[in-house]
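Novice: Going down the list, the protein sequences come from chains A and B.
For the first sequence, this note's numbering gives the first residue as 403, with consecutive numbering after it.
For the second sequence, this note's numbering gives the first residue as 403, with consecutive numbering after it.
Check before you lean on any hint, since a few could be wrong.
Since copy identity is lost for identical chains, a pair holds within one copy or between any two.
In silico DSBU-like pairs for lysine-lysine, Cα to Cα no more than 35 Å straight-line [claimed, not checked]:
1. Lys664 - Lys509
2. Lys466 - Lys509
3. Lys664 - Lys546
4. Lys509 - Lys405
5. Lys546 - Lys450
6. Lys416 - Lys664
7. Lys650 - Lys466
8. Lys546 - Lys650
9. Lys509 - Lys416
10. Lys650 - Lys509
11. Lys664 - Lys466
12. Lys650 - Lys405
13. Lys509 - Lys699
14. Lys546 - Lys415
15. Lys699 - Lys416
Hints are computed from structural coordinates only; laboratory data are not their basis.
Protein chains: 2
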Amino acid sequence: MEKLSFADYYQKKKAYFESHLAASFPRVPNPVAILEESMRYSLLAGGKRLRPLLLLTTIECTGKNADFAMPLACAIEYIHTYSLIHDDLPCMDDDELRRGQPTNHIKFGEDIALLAGDALLTHCFALMSTTALLEHTSAGNILKAIHILAESAGVFGMVSGQVADIQRQYVQQSSEEALSFIHAHKTGALITAAVQIGSLLAEVTERDFSELSGFGAEIGKCFQIQDDILDVTGVKERLGKSPGTDQKNETLTYPLVFGLEKSKQLASQCYENALRHLDNTGINTIRLQELANFVLKRDH
Amino acid sequence: MEKLSFADYYQKKKAYFESHLAASFPRVPNPVAILEESMRYSLLAGGKRLRPLLLLTTIECTGKNADFAMPLACAIEYIHTYSLIHDDLPCMDDDELRRGQPTNHIKFGEDIALLAGDALLTHCFALMSTTALLEHTSAGNILKAIHILAESAGVFGMVSGQVADIQRQYVQQSSEEALSFIHAHKTGALITAAVQIGSLLAEVTERDFSELSGFGAEIGKCFQIQDDILDVTGVKERLGKSPGTDQKNETLTYPLVFGLEKSKQLASQCYENALRHLDNTGINTIRLQELANFVLKRDH
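The shape of chain A in the complex, shown without the other chains (with noise of 0.2 Å):
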């Protein structure tokens, strides 16, 4: 069999993950109709996918079937997808398109925005918490999953770069050491999960789980770096957002500490590093190393 280009891969993949998105739906009580409906507006809106992918990717790179996975691919899905919801509310950065489309609560209303973040944030530990994953794996590797993720979602990871963020006009730190901060925390830290859950899941080595690690954290920093420069010269209909909103939010970015030419050799840099650690593993990773070029080269 011809190997798939990764376009098509990635496509392919994509579409799968997303069937069973929509299918891993909780049936909300009759009620509540419109906090399903919000929901699944923010959830199902498209996106890269890139969390869930890279850990289906992570399992399928060891040569095993990665479908006893979705609901923990799913779970990461929801808890990125509800950071999004929070982070959109006025009271925070205050966005009214994400995606071409109207912010959760510009469709639904602030209350039924925040409600369904954190229904979101709950759900995915009722996700991971699901029976069905132990004729997969054991009960004690589900719980390691369950930790990784709460704690990269959490204080020691995605809301503490969130409030770092807010807060570095308080701090006293250099601009290079709070943006490191906040973009390890923001972003890294989950994207970095995906991969150890992947990881986790496959059961690898202890020497692989580490450096699968190593690769998820330099391209969660190659993320958001790329997503920087994107906010600088991106074109919003590709991005599906308005590009400048870091300017006007007086974000701290990479182009604005380093300039834009030295952002592209920073984040080709943490590609390179996250090849690196790829080729020190014993599987084989080729569909990790093209969706770490993915990250490196998306022009939205």
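Starting from the known structure of chain A, fit chain B onto it as the hints suggest.
Specialist: The following block gives chain B in isolation, referenced to the frame of chain A:
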């Protein structure tokens, strides 16, 4: 040894739990000290600690030492606290006073309050998946506890109750149906979950689990009816918040639908039903009976 009076028992257990709660707290990275401060502010602001005490007392009723379950008792209080912070936000109930103190967003701003709530909710699941628990119960049992909590706090419980409360004017339902749905989901689900998680960890029989779940549901309802009554008859100094807010917010309450006298009768009826469930178990439930009585008789 003479049996402690319930008042002494309750104060002792509450203080013991609160010392664990304070120690359970994650040390967050330095640049986001404000996040820790904001989480601590609400988490350690007092309160009845009903949910964790129900969880711990359920275990003790079976003759077991409940200390090992402290991470889970703390976890459920994290969830309860997050829900209060988000409920108080301007886009929700817009409350400025909670337990006699300024609400979280008045003290720290809306953005930090939102994120402190998110962090408490997320960290709850980090606490529940700590490996220390595995010395005392199986990973499978902990997974079940996580599943119960995620479902009862999310789309099948608390969040749905909150949405139903907000949306009730758009839904074709009688006042009694709406009230029953809102209260069972918004308050009842998490209180029931506390008893169920305690029962699970104590490894009670299937029949006792079912009776204790019934007990949880009845005292959850009793608690909420009493809450509605206190909003009419309560005294600000005891409540720690201004009474009359339900009327101000046009909240659907038991006194509004049934009148004050009938509401008191309904609360007593729930209490009686709760005791009947306890009578049907094979364990010594005296402290749970006393907790139920406390729920019925409380003045704050």
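Novice: Does each hint fit the structure? Answer for all of them.
Specialist: Hint by hint, here is what the structure shows:
| no. | hint | in the structure |
| --- | --- | --- |
| 1 | Lys664 - Lys509 | neither (39 Å within a copy, 41 Å between copies) |
| 2 | Lys466 - Lys509 | neither (41 Å within a copy, 51 Å between copies) |
| 3 | Lys664 - Lys546 | neither (38 Å within a copy, 50 Å between copies) |
| 4 | Lys509 - Lys405 | neither (42 Å within a copy, 58 Å between copies) |
| 5 | Lys546 - Lys450 | both (26 Å within a copy, 32 Å between copies) |
| 6 | Lys416 - Lys664 | within (32 Å within a copy, 56 Å between copies) |
| 7 | Lys650 - Lys466 | neither (46 Å within a copy, 59 Å between copies) |
| 8 | Lys546 - Lys650 | neither (40 Å within a copy, 46 Å between copies) |
| 9 | Lys509 - Lys416 | within (26 Å within a copy, 43 Å between copies) |
| 10 | Lys650 - Lys509 | both (23 Å within a copy, 27 Å between copies) |
| 11 | Lys664 - Lys466 | neither (39 Å within a copy, 62 Å between copies) |
| 12 | Lys650 - Lys405 | neither (44 Å within a copy, 66 Å between copies) |
| 13 | Lys509 - Lys699 | within (32 Å within a copy, 44 Å between copies) |
| 14 | Lys546 - Lys415 | both (26 Å within a copy, 31 Å between copies) |
| 15 | Lys699 - Lys416 | within (18 Å within a copy, 56 Å between copies) |
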